[in-house]
Amino acid sequence: MGGTPDVGWVAAGLVLGTGACYCIYRLTRGPRRGEDLTDGSYDDILNAEQLKKLLYLLESTDDPIITEKALVTLGNNAAFSTNQAIIRELGGIPIVGNKINSLNQSIKEKALNALNNLSVNVENQTKIKIYVPQVCEDVFADPLNSAVQLAGLRLLTNMTVTNDYQHLLSGSVAGLFHLLLLGNGSTKVQVLKLLLNLSENPAMTEGLLSVQHTSSFSFFFQRFVLCI
Numbered sequence: 082m083g084g085t086p087d088v089g090w091v092a093a094g095l096v097l098g099t100g101a102c103y104c105i106y107r108l109t110r111g112p113r114r115g116e117d118l119t120d121g122s123y124d125d126i127l128n129a130e131q132l133k134k135l136l137y138l139l140e141s142t143d144d145p146i147i148t149e150k151a152l153v154t155l156g157n158n159a160a161f162s163t164n165q166a167i168i169r170e171l172g173g174i175p176i177v178g179n180k181i182n183s184l185n186q187s188i189k190e191k192a193l194n195a196l197n198n199l200s201v202n203v204e205n206q207t208k209i210k211i212y213v214p215q216v217c218e219d220v221f222a223d224p225l226n227s228a229v230q231l232a233g234l235r236l237l238t239n240m241t242v243t244n245d246y247q248h249l250l251s252g253s254v255a256g257l258f259h260l261l262l263l264g265n266g267s268t269k270v271q272v273l274k275l276l277l278n279l280s281e282n283p284a285m286t287e288g289l290l291s292v293q294h295t296s297s298f299s300f301f302f303q304r305f306v307l308c309i
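Going letter by letter, the sequence shown gives residues 82 to 309 in this note's numbering.
Since no wrong hints were added, every one of them can be taken at face value.
Capping the alpha-carbon separation at 30 Å, the derived lysine-lysine pairs in DSBU-like fashion look like this:
id	residue 1	residue 2
1	K208	K269
2	K210	K274
3	K210	K134
4	K208	K274
5	K208	K134
6	K133	K210
7	K210	K269
8	K208	K133
Please keep in mind that the hints were generated in silico from the structure rather than gathered at the bench.
All chains should be modelled from the sequences, with the hints used to inform the complete structure.
What follows is the structure, given as C-alpha cells:
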C-alpha cells in the first residue's frame, strides 16, 4: 500500500521529466516547514516542452490526485500570456475542457479555473466557446455557492467581456437573476459582473428586460438597472 504513490510519481517522472514533475510533486506533498507555496518564491513556470509533457500526462492519467495537481500547475502557467498561446498551440484547450465532465468536483473546479485563465486570450476564446453551453447548464445545476459554481461564473464572465459570445447566454438570464436572488455575497458579486457584461450589448437588452415581467425578479431587476 505504501509504495503505490511512488509508482505513480515514477510514471509521471518518466513522462514529464524532472522539472515539471517536481512542480506537481511540490503542490501535492504540501509545503515544507516555513515554505509558502502561494508567495511565488519558487520556480514553477514551465517551458513549452514541459507544458507539452504536462498536457500528455493530464490526458493519459487516471489518477485523480495527479490530474488535479496537473490542472493547478497548468492553470497557474496559463496566467501568463505567452503560455496561454503555447497551451492553445499544443492542443491543450480540449484536454483541459474534457476535465469539466469529471464527476470529481475538485477536478472540475480546477479545470474551470484553468479555462478561465486561458480565456483571457482572445484567440483561446474561439476554442473555449464550445464549452459555454455546458458551463451554463452546470452553473445552474451545481450546489448553490459551491466552488464549482463560482468557477463556472468566473469563466462565463471572462467569455462575455466582448459581445462575441454573449448570445450563448441568451437563455440563461433568468437563471442568473435567480442566483442573484438566492446566492451569497460572492455569488451575487460574480453574477453582477456577468450581468453587467451582458447589459453592454444592445442585442441582449430584450432578454434582460423580459426578466422584469417575472414578479419574483422585479425588485432585483430594478436595483440592477440602477447599477448600470
